[in-house]
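Just so you know, we're using this note's numbering here: the sequence shown kicks off at 4 and counts up by one.
Hints were generated in silico from the structure; no laboratory data involved.
Here a beta-carbon is modelled for each residue, glycine too, at the ideal position from N, C-alpha and C.
You may find that some hints are simply not true.
Computed Cβ-Cβ distance ranges for the label pairs, DEER-style [unchecked claim]:
no. : residue 1 : residue 2 : range
1   : Ile191    : Glu149    : 29 to 35 Å
2   : Ser92     : Val30     : 46 to 52 Å
3   : Pro62     : Val173    : 37 to 43 Å
4   : Pro150    : Glu64     : 42 to 48 Å
5   : Ser88     : Asn155    : 22 to 28 Å
6   : Gly79     : Pro150    : 16 to 22 Å
7   : Pro150    : His195    : 46 to 52 Å
8   : Arg65     : Ala31     : 40 to 46 Å
9   : Asn69     : Asp96     : 27 to 33 Å
10  : Arg188    : Phe55     : 17 to 23 Å
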Amino acid sequence: MATTTTTGHGQADLRVEHLNEHRTEPVASATLAGLRIATGFVFLWAFFDKLFGLGYSTPSERAWINGGSPTKGFLGSIEAGPFASTFRSIAGDWWVDWLFMVGLLAVGLAVMLGVGLRLAAVSGTVLVALMWIAEWHPARFTSAGEPTGSTNPLVDYHVIYALALIVIAVTAAGDRWGLGQAWRRLPIVRRHASTLS
Numbered sequence: 004m005a006t007t008t009t010t011g012h013g014q015a016d017l018r019v020e021h022l023n024e025h026r027t028e029p030v031a032s033a034t035l036a037g038l039r040i041a042t043g044f045v046f047l048w049a050f051f052d053k054l055f056g057l058g059y060s061t062p063s064e065r066a067w068i069n070g071g072s073p074t075k076g077f078l079g080s081i082e083a084g085p086f087a088s089t090f091r092s093i094a095g096d097w098w099v100d101w102l103f104m105v106g107l108l109a110v111g112l113a114v115m116l117g118v119g120l121r122l123a124a125v126s127g128t129v130l131v132a133l134m135w136i137a138e139w140h141p142a143r144f145t146s147a148g149e150p151t152g153s154t155n156p157l158v159d160y161h162v163i164y165a166l167a168l169i170v171i172a173v174t175a176a177g178d179r180w181g182l183g184q185a186w187r188r189l190p191i192v193r194r195h196a197s198t199l200s
């Protein structure tokens, strides 16, 4: 239930409604926990799909465990942007595959579990920022003159994921339905709280 405060301003009264914090707080923390779990699932799903070829974006014959490269298809097909040739040149390199897959797994697990959210937010933001740069949404046409299919030159799902990761980290969203509080009580985390909490 909202409480109402009436304040006088000359001849007119201004009515200000205040929401009871004890009612909105559980809804907000549950919403943030849901956002955390969903965002973590995005990263974990991408990891498992690339690893096993679950048939969504990665067919089983191109699965990492079957000798496929998790980065070759995406990076090898980059046709727009100032770094297109750089991304194409590293597509499928073993170290790029490993960094990408370890990043997906680490960010996904940390976010799903609600632990190490600051580090996960920074790592995940770097990962999706690099993917945004690779896709280069400001470009309307490829180097061959074909339309890129970009629907927005600045904001796409990579930007939304980065913002979600940052919000999750700064609001301690790992405390609800996660291991955030237990994580912060660990001695090593307390010693390095600015990085690991």
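Right, here's what the structure says about each hint:
1. Ile191 with Glu149: 29 to 35 Å: violated, 51 Å
2. Ser92 with Val30: 46 to 52 Å: At 49 Å between Cβs, range holds.
3. Pro62 with Val173: 37 to 43 Å: Given range 37 to 43 Å: holds, Cβ gap about 38 Å.
4. Pro150 with Glu64: 42 to 48 Å: For Glu64 against Pro150, whose Cβ atoms are near 29 Å apart, the range 42 to 48 Å is violated.
5. Ser88 with Asn155: 22 to 28 Å: 24 Å Cβ-Cβ, so the 22 to 28 Å window holds.
6. Gly79 with Pro150: 16 to 22 Å: holds, 20 Å
7. Pro150 with His195: 46 to 52 Å: holds, 48 Å
8. Arg65 with Ala31: 40 to 46 Å: With Cβ atoms ~41 Å apart, the hint holds.
9. Asn69 with Asp96: 27 to 33 Å: Between Asn69 and Asp96, where Cβ atoms are some 18 Å apart, the hint is violated.
10. Arg188 with Phe55: 17 to 23 Å: violated, 35 Å
The earlier numbered hints that this structure contradicts are 1, 4, 9, 10.
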